[in-house]
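Q: Given next are the chains, with one letter for each unit.
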Amino acid sequence: MEAFTRIEGLTAALLRENIDTDIIIASRDITSPSRDGFGPRLFAPWRYDGPGGPERPDFVLNQQPWRAAVILIAGANFGCGSSREMAVWALRQFGIRCVIAPSFGAIFQGNCIKNGVLPVVLPAARVAALGALAASAAQPLTLAIDLQACQVQQPDGSCDGFVVGARDREMLLAGLDEIDLTWQYRADIEAFEAADRLRRPWVWPGAVTAPRP
Amino acid sequence: MSEKPLPDPRSVIAKIWDAHVVAELGGGHTLLHIDRIFLHERTGPALLAGLAAAGRRPLHPEKVFGVMDHIVDTRPGRSDATHSAPAQGFITAFRERTRAAGVRLFDLNDSRQGIVHVLSPEQGIALPGITLVCPDSHTGTVGGLGALAWGIGSTEGEHAVATQTLVRTRAPQMRVRFEGHLPVGVTAKDMVLALIARHGATGGALNGQGCAIEFDGAAVRALDIEGRMTLCNMTVEFGAWTGLVAPDDSTLQWVAGRPFSPQGAAFDAACTHWRTLFSDDDTVWNHALVLDVSRLEPQITWGTSPAQGGPISQPVPDPQTLPSGSQRASTEKALAYMGLTPGAPLLGTPIDAAFVGSCTNSRLSDLRAAAAVIRGRRVAPGVKALVVPGSTPVKAAAEALGLHRLFLDAGFEWRDSGCSLCFFSGGDSFGARADGRPLRVVSSTNRNFEGRQGPGVRTHLASPATVVASALAGCIADPRVGAG
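Chains as they are written, first to last, in the numbering used here: chain X, 846 to 1058; chain S, -9 to 474.
Please note that the accuracy of each hint is not assured.
[Claimed, not checked] Computed beta-carbon distance windows for the label pairs:
id	chain 1	residue 1	chain 2	residue 2	range
1	X	Ala994	S	Pro340	41 to 49 angstroms
2	X	Asn907	S	Gly392	50 to 58 angstroms
3	X	Ala1032	S	Glu403	51 to 59 angstroms
Hints in this document: simulated from the structure, not taken from any laboratory.
Note that CB positions come from ideal geometry on N, CA and C, so glycine has one too.
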């Protein structure tokens, strides 16, 4: 997976609560069974005037300088709803590497980590304060996100610390593949399964749970 | 004589978890064994392609099942050819990928086909006490029969299929007790909508971590297994990791004799194990909630989050009565999208369409409850009303009872099974109003998000009974009114 150590970039604010994955990438915009091509359809219901329509000038990611945003500040429960990983792919393919919010939808949060997008949880008051700073087009906010230091850093040197799970942090910093990591426990998996076949034979298809004709 | 120390009291959730621990990885992470994995045509092709591209294969293909449900055509007479080109692409790719991976597929016109969370328990593939995952956020539905089941992403899905395990940290444990007797005309759907309305869209999380919820109490025990699945279906809308109801005698009876359920001595052995799956007295809960349902009304949502709802008799809320800040702003935005006036009654709001279906409310008991509301009446003129059974077996069972005739005679469309218009994938729609204004839909689904059921569509979530009552009245209506 893609590593994440430190990024620095333009920050856009979208301070609504409960921004769901249907808004991040609408089902009708998932038109091919591939992992690519979602960036232009990110936030399509808000970004465009109707299906196939032109850009809406009032949407933040259609405005300069935020068309080049790398960091997104959002309201609580960001990414709630459907488990569709295309929501993260759309953000990543647009160019977003980090989302800062008071809380996240749980499946979305996990999907972010696995795609090199960092979900940063900050207290609601701090999210609101940073969001207010990010709203100025005259003085666009550039933040740096340092995963080594676990800090959101402002240009004036002030910073907010954040907490991220040690395993997630390690995997992001090194860009590790989780399946490779798990295969280090292959002997444990085999031992578990051998014991489980005796303990719970009914969950092992082919032994006793083959479908009846 | 020394006494053995008593084991610590454990919740049913902890008991299932402990039986699946492969290894402790440190830092609170556990490598957990997964008993069953379901894939569907919407995300399955990319998932299996990713696996193949990395040179990996399913560790236990016999524990992986594929289902066509998300974007399949539900209009009668469907075949590959009745789908749009993009939908055909997903269907064809999923067929090819499951075959190459050696994964059993419940294909489009298989007599067992259905929405994954309806099919898995119906076929006896979802069982009490197992771990089950699927790249779909409503996988917790099968918690209704005491499985520990949750939705995952595609990359996690690859991990599960390749290793038959997932890495997780233990979730905080929450117990939600529903006490009292549910009034007539009020259902499991109303219970879960009330829970979410009262405690919010993140009420099932603690410190940002989604909880594992055990639903219990007299009103839960009184629900049939299908009602328990409705309850567990919406735990994700509550911000929880997942939810379940500990298996009891009615669960075991429900599981017995299904095609993939263990048979004979294996079933007896399974029952012995399943009977140990209850929360011990003195279990320590990280959080506990109690709701008395004795005076619960039918619930309906008025906003664009499942938490934005309440009793059907209440008026549209007034944002000015809320403290300023994000909650007021969210309420204002939701009401603007929904085209509702603060203080106006919800009852009597005209509707354009009505939808009975989805993994929340499309099982036989839902269709029976929905049909019972009709009582010889017809869908109001100008309202498009659909009934989409959750599975092909549910459809067949409903037809054997003659329910389809009741729906058809009343003016409902009677569809083939699938996720259908729970979400708008572009292939099917509720149509459009002559004046071009957004459509208003009363729906037995789980999400009222902006645009979820179509561009601009205004969704009100409710029980199947409320959906049918509203379809007949042509406006939001209380299913208890006029009931015999």
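Q: All the hints need checking, so say for each whether the structure fits it.
A: So, going through the hints one by one against the coordinates:
no.	hint	in the structure
1	X:Ala994 with S:Pro340: 41 to 49 angstroms	57 angstroms, violated
2	X:Asn907 with S:Gly392: 50 to 58 angstroms	54 angstroms, holds
3	X:Ala1032 with S:Glu403: 51 to 59 angstroms	55 angstroms, holds
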